[in-house]
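Colleague: The primary structure of each chain is shown beneath.
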Amino acid sequence: MNLPTLAFLAAILAYPVIYAGYLSVHKVGLAQLRRGEFPFTGWENYGRVLEDPLFWVAIKNTLIFTAITVVSEVVIAVAIALLINQAGVWTSRVTRFLILLPYAIPPICNGLIWSFMYSFQFGFLNRLLFSAGVIDQPINWAGNPDTALYAVTVPYIWRTLPFAIILVHAALQGIPRELYEQAAIDGANAWHRFRQITLPMLQQIIAIILILRTAFAFAVFEEILAITQGGPGDATWVAAWYSYKISFSPPNNFGMGAASAFILALMIAAIALVYLRAVYRRVTL
Amino acid sequence: MTDDLIKRALRRRTVLGGAASLGLMGPMDAFGQAGGPWSQPPKSKVDRLNFVVWTYGDIYARISKQFEADWGVKIDSTISSFNDHPTKLATMYAAGEKIDVSQSSPFSFPNFVAQGLVEPLDDLPGAKDYANDFTPFTKQVAMVNGKLMGLPYFATAWVWNYYSDMLEKLKIDKPFTTYEEFIEHCVKAKKDGVSRYPVLWVAGVGLEQLPGTWYQMTWNRGGTFFDKQGNHMLGPGSVARETLKWWANTFEKGLDIADPESLKVQFTTSAKAFGAGKNLYRGPNHHYGLNVANDPAQSPIAGKVKVMGSPGNGKTIADAHVYFLCTANRNKEWAWKLLQYLGGKTKDGQYTQAIGLAKDAMLGSGYQSVMQSDVIKTGWAPWGDVPEILKIWDKSAYIAEVCSSIYQPWHFPWTDQLNIEVQKCLTGQISADVCCDNLIKGIADAKRKV
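Chains A and B supply the protein sequences, listed in that same order. Under this note's numbering, the letters of the first sequence match residues 5 to 289, in that order. Under this note's numbering, the letters of the second sequence match residues 157 to 606, in that order.
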């Protein structure tokens, strides 16, 4: 029974990773891909990536992006899930549909929508803030190096938040009501009930969300492509954008692109291990 | 094609045919010679052909239909956006797919040639005649190491635009003729409350957008980015560096006269944004933006966007994009036939595609005979002052004269850095000196990435 599963996983998951590893130690351009002959280069591609200052800028931006989006998602998801889990709060089907809707939007479309919203002179966001009297001059959200990276986190959080809400909401429904009733009898207020009952019971699911969302946020690409294309300057160059540009812009250095992607994969794996050791195992023991 | 044009072409064809038989004319003309190699059917047979191109209106649907009607061969097309095209082509090529014809910007072309995607055309029937009709800068793109590697898609020259009503409102008689006047006009427009951001630059990330704007202004002031030996010309006191200092000063941290959207817009989007009527000047960039800014369907200020040349002696830059026969073709004879439909002559001996692009999209042609024909004069007239544009055209040099690294494989990674560093400079994060110093260092880094 295990063998077919292993074979399937190897074909679907392991093969691309191993192939990327293989490409990363070879010279791979268009001509080599066409001919199927890849001269071995050893660690040369890794050396080139690691000594490229732009790669480190991309890693720094990726870490900032990941930290902001993952923390925001967890906090907002818990808040919304708690709200819609309240017995006294009635949510219509339309509301539930709207909460889930962003997750159904293709990432590139999401990026384009927000690109229009962020437009400096003609964007909806500036118009809204201007009409509400919040601003008196338009703000260059995606075109200012000080705000651009934060600007792209918002569409990303908006799109991926429903995933976290669903998981947290499902976990909340699994918490026995009796625990809250007993706590109320003992005089615990809402905050204490949340601290002593809800949060501990949510730790496992939060750990899972942290692992998954961190892995996905590390690989953010579509919103960057649609909204800023890495700019202004290098303000929004992230790791996946770096790999893409190295691989798919002439001179199409797929070997170096694969090396950068492989380094990124190793970083994600390392962070996942840290999460597993520091968070997940602790909460499951 | 309109009936009127066909009638005119037929009349010219009759005259030209007679003249040619008398030995009075050379072989090339924009209009009709039905008896050339373009009208001969290939000896081999194919069921279908394909091309991989970037999108532009419905030109590819139309030309495919015509090819199918003329030769009975179906055309499959793979069409992506301009920015995605190199990626699409690269992945198809790498995956071993058949590609008969594709296209390239002048920046990608040397790379495609170096990587073996491009088939030389010299020995193909009629190829030399096409090359003889190329404009000078089309030759610089399409001829690589003395070999003919492509046929022209379109050509363009960098021009300035201004919004005439706004100039009138400012009580300024004529647009600027020096960079000092340019600053004066913009500062006045801002001070008088006529325009918050008087100039819209094309400074979005790209190969010819932000870099092209810097190249053009550097060239216009008498500078280049590299000398004939390939040494950089970005050092202290260089024209390129001083131009960048001047340019950066128009942004927020300086005079604050540049529209912040400048850093995002590409050619067409900048023309659309300019059409909103909020800026006084736009430029310098591709001439055909006028067909957006002066199109009543797309621009509230249509008809009021005027074209003008650059300060001083008016020197500007130009480039040409090309179609090429891919080495991954399924049948060279037929692929050549298809290539001619896109970048050369159709069965009837006309430059159908080049003529259509001039009339529909205000694009210039890589063929001298088309550029000198009435097609340009009448075709461009609805959108701009044609004699003025052609005057600017005559003062243009191929973009590689300014930045010769476009022939090098490291030009792409270096341009990535150029986009980053210059945007950082324009947004006040680094000075022009630091920017240029970083770009000088970046040349070696870019070479290592290749």
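Hints may be right or wrong, so weigh each one.
[To be verified] According to the in silico footprint, chain A covers these stretches of chain B (three or more CB under 8 Å from chain A):
id, stretch
1, 214-227
2, 245-258
3, 267-278
4, 414-420
5, 503-516
6, 567-573
Keep in mind that the hints were calculated from the coordinates and are not lab data. Every residue gets a Cβ at the ideal spot worked out from N, C-alpha and C, and that includes glycine.
Colleague: Counting residues of the stretch 414-420 of chain B that have a beta-carbon nearer than 8 Å to any beta-carbon of chain A, does the count reach 3?
Modeller: Coverage by chain A holds here, the residue count being 5 at a Cβ distance below 8 Å.
Colleague: Closer than 8 Å Cβ to Cβ for three or more residues is the test here. Does the stretch 245-258 of chain B pass it with chain A?
Modeller: holds (count 6)
Colleague: Taking 8 Å as the C-beta cutoff, is the stated coverage of the stretch 503-516 of chain B by chain A satisfied by three or more residues?
Modeller: violated (count 0)
Colleague: For the stretch 214-227 of chain B, count the residues whose Cβ lies under 8 Å from any Cβ of chain A; is that count three or more?
Modeller: violated (count 0)
Colleague: Counting residues of the stretch 267-278 of chain B whose CB is closer than 8 Å to a CB in chain A, do you get three or more?
Modeller: Holds, because 6 residues of the stretch 267-278 of chain B bring their Cβ atoms closer than 8 Å to Cβ atoms of chain A.
Colleague: Quick one: see if chain A covers the stretch 567-573 of chain B, three-plus residues with Cβ-Cβ under 8 Å.
Modeller: n = 4 at 8 Å, threshold three: holds.
Comparing the model with each numbered hint stated earlier shows that hints 1, 5 do not hold.
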